[in-house]
Amino acid sequence: MLPAEAERPAPEFILRLPEFEGPLDLLLYLIEKNRFTLENLEVCPVIDQYLHYVEQARSLDVSLAGEFLEMASYLIWLKSCLLLPSAESGEGGEDFNPARELKEMLIAYRAIRQASLDLSARPLLMRDKFPRGSSQQERDVASLSIGALLQAVNAIRARTRKYVMDVIANRFDIQGMIERIEAILLNRRRVALNDVVKTEERMELVGAFVAALELSKRCIVRLVQRGLFSTIYLMRR
Amino acid sequence: MHTREIVEALIFSAQGSLPEKDILKAVPGAGPDDIERYVTELNRMYEESGRSFRIERASSGYQYVTREEYAPYLKALHTPVRLSMASLEVLAVIAYKGPCPKQAIDSIRGVDSTSSLKSLLKHQLIDIKNGKPLLYYTTSRFLEVFGLDSLSELPDLRQFEEVFREEAGNPAGEEG
Chain A
1 MLPAEAERPA PEFILRLPEF EGPLDLLLYL IEKNRFTLEN LEVCPVIDQY
51 LHYVEQARSL DVSLAGEFLE MASYLIWLKS CLLLPSAESG EGGEDFNPAR
101 ELKEMLIAYR AIRQASLDLS ARPLLMRDKF PRGSSQQERD VASLSIGALL
151 QAVNAIRART RKYVMDVIAN RFDIQGMIER IEAILLNRRR VALNDVVKTE
201 ERMELVGAFV AALELSKRCI VRLVQRGLFS TIYLMRR
Chain B
1 MHTREIVEAL IFSAQGSLPE KDILKAVPGA GPDDIERYVT ELNRMYEESG
51 RSFRIERASS GYQYVTREEY APYLKALHTP VRLSMASLEV LAVIAYKGPC
101 PKQAIDSIRG VDSTSSLKSL LKHQLIDIKN GKPLLYYTTS RFLEVFGLDS
151 LSELPDLRQF EEVFREEAGN PAGEEG
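These protein sequence lines map, in sequence, to chains A and B. Under this note's numbering, the first sequence has 161 at position 161, and the numbering climbs by one with no breaks. Under this note's numbering, the second sequence has 67 at position 67, and the numbering climbs by one with no breaks.
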């Protein structure tokens, strides 16, 4: 399926892109394809090919994870470091070796990838061998982990969030709130925003605040607040 | 009644892996070496009589599992575990580097691992240690599923790194 030449990848290669686990996976693929090893690695051609593939993927509207683009910008920076004569090579220059940093990243990632293949090659429970009672689905509550509990809480939250929003959506009515504030200000010169609301409900307070902004816009009241988080007063103009 | 058969009955009766310490508690006078010897004997008997199962040691305990050659038939009855390549990578990072934060996992893999972490949590192969940041670690279920007695049984990660370096025809640690 894959073209043998490195320079001109056929479009079907690009369609394979999402199968890479990530930018490091793609980089390792390119290194292997070029028959480079980490020690004789020529970074620049690999960077060029990486950028070429990312560019092609974008032109073909293949959605790429952000990490691929992040890696692309890192590689462009890396290449510029390699091509430009290093100014700092005099002092502290020994530590500054961006190509080595990339190699170390690739070594660490490849080791993990090998380790995961090694894990997968083991005889797995529920794949290659089955314990007694495998068909029993229910597990005791006591055997569940914190992680499972947190997931369940999140699932419930996600499921109920919608209904909570529905109830609150009708809780306040800005026009009604404006009328209420106007009624209060018939007899008084000023009123605190907190005194306008009848309940402690946050959504009612939001309604009062929106109403206050509206009245301020209509030049009916002036809003005064002495400091951050202090009481907001509505003054009749 | 032989102690060996008592051990057999204990392991047979357990749901999941039976911790070695529970066996030791139930069989006074026996030590871990005795249990191991009984299990070896039992397994030899099962093998000689052509049974489809054996006792396996994992996660500091013992459990009955079917022999691998029966897997194709058992797969029809049970839903087999399927882990994506991404999930396996995340699992490997946690097994070797854990307990570790998500950020460490992401930085080794160069990609976001959120969905793999979710799937591994669902399979109870990993769990979360409370704290800031949250730390992920592999569970005893992980050891059971992968047939490991403890994490120290995993092959050395450096071994995998060195394979890569050696392919380059250069010993580890040397810089070109």
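Derived from the structure by calculation, the hints contain no laboratory data. Just so you know, even glycine gets a beta-carbon here, dropped at the ideal spot from N, CA and C. Don't take every hint at face value.
[What the hints assert, rightly or not] Heads up, incomplete: computed chain B residues facing chain A, CB under 8 Å, no partners named: (1) TYR46; (2) LEU91; (3) VAL145; (4) GLU161.
Comparing the hints with the structure gives:
{"no.": "1", "hint": "TYR46", "result": "14 Å, violated"}
{"no.": "2", "hint": "LEU91", "result": "7 Å, holds"}
{"no.": "3", "hint": "VAL145", "result": "4 Å, holds"}
{"no.": "4", "hint": "GLU161", "result": "4 Å, holds"}
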